[in-house]
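Peer 1: Sequence:
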Amino acid sequence: MKPNAGLGVALVFLIGFALHAPSYASDLTRPTIMGTNGMVSCGHWLATEIGVEMLKKGGNAFDAGVATVLAQSVLEFDLFGLGGEVPTLLYVAKDKKVYSVDGNTATTKSINFEWFEKNGIQMIPGDGLLPAGVPAAVDALVFMLDKWGTKSFADVSAGAIRLADKGFPMYHSFRNNIINTEKRFREEWPGSAAVFLPDGKVPNFGQIFVQKELANTLKKLVQAETRAKKAGK
Numbered sequence: 005m006k007p008n009a010g011l012g013v014a015l016v017f018l019i020g021f022a023l024h025a026p027s028y029a030s031d032l033t034r035p036t037i038m039g040t041n042g043m044v045s046c047g048h049w050l051a052t053e054i055g056v057e058m059l060k061k062g063g064n065a066f067d068a069g070v071a072t073v074l075a076q077s078v079l080e081f082d083l084f085g086l087g088g089e090v091p092t093l094l095y096v097a098k099d100k101k102v103y104s105v106d107g108n109t110a111t112t113k114s115i116n117f118e119w120f121e122k123n124g125i126q127m128i129p130g131d132g133l134l135p136a137g138v139p140a141a142v143d144a145l146v147f148m149l150d151k152w153g154t155k156s157f158a159d160v161s162a163g164a165i166r167l168a169d170k171g172f173p174m175y176h177s178f179r180n181n182i183i184n185t186e187k188r189f190r191e192e193w194p195g196s197a198a199v200f201l202p203d204g205k206v207p208n209f210g211q212i213f214v215q216k217e218l219a220n221t222l223k224k225l226v227q228a229e230t231r232a233k234k235a236g237k
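The sequence shown begins at 5 in my numbering and counts up by one.
No lab work stands behind these hints: they were computed from the structure.
These numbers come from a predicted model, not from an experiment.
Built from N, CA and C at the ideal position, the CB exists for glycine as well.
Don't take every hint at face value.
Here are the in silico distance ranges between beta carbons for each label pair [what the hints assert, rightly or not]: (1) Val96 x Gly130: 31 to 37 Å; (2) Lys233 x Lys187: 17 to 23 Å; (3) Trp193 x Ala228: 39 to 45 Å; (4) Pro91 x Trp193: 34 to 40 Å; (5) Lys98 x Met43: 15 to 21 Å; (6) Gly87 x Lys113: 37 to 43 Å; (7) Glu192 x Thr154: 42 to 48 Å; (8) Tyr95 x Leu134: 33 to 39 Å.
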């Protein structure tokens, strides 16, 4: 059989392309992001967008950070919510110092290891009311906003309220977590089922997922801020 010179050249070209493909593919799928006026990075692109919006509106890094976290509490409610915790390390340029905000939850004084042993519980549950602490996220975020931010809570929560009120497209990881917990929603947590199983069903991929009650909670926090300002607090 006569050698095919054209095929040989093509194979050499393909091998050469393959040798360079990793860096080229990386540039396409995970490009290096650079900027001059600020940058926001988090677990969901819509929350990132809200953080960038806050910077464009004149907010500083702390305003953008709080706005982003609030948006994540809506977009990633399967992983994090307002009832959770926000332990934070941050750097304040004007002070040239790193600060730690202990945004961790704490249990009530009546709940301790002895209480669990007395009640025959060998392993502290990973969910439900028993392991839950006092919510710390809102307090930590408001503290950071008051101390280092420049915007009001109404300003930084606007994006999160919009996402909760109008909804966002359901994505795979959130949907999978709902599927994994569906049985417990139906059998143990009817209130959660009403939120995560709209019309009694797991939301489809891409379906607009709305959280009206969460939006109302955020709106009530804004109202509380308004009342506090009127009272001179």
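Peer 1: Determine for every hint whether it applies to the structure shown.
Peer 2: Hints, one by one, checked against the model:
{"no.": "1", "hint": "Val96 x Gly130: 31 to 37 Å", "result": "35 Å, holds"}
{"no.": "2", "hint": "Lys233 x Lys187: 17 to 23 Å", "result": "45 Å, violated"}
{"no.": "3", "hint": "Trp193 x Ala228: 39 to 45 Å", "result": "27 Å, violated"}
{"no.": "4", "hint": "Pro91 x Trp193: 34 to 40 Å", "result": "26 Å, violated"}
{"no.": "5", "hint": "Lys98 x Met43: 15 to 21 Å", "result": "19 Å, holds"}
{"no.": "6", "hint": "Gly87 x Lys113: 37 to 43 Å", "result": "19 Å, violated"}
{"no.": "7", "hint": "Glu192 x Thr154: 42 to 48 Å", "result": "43 Å, holds"}
{"no.": "8", "hint": "Tyr95 x Leu134: 33 to 39 Å", "result": "37 Å, holds"}
Checked against the numbered hints above, the structure violates hints 2, 3, 4, 6; every other hint is satisfied.
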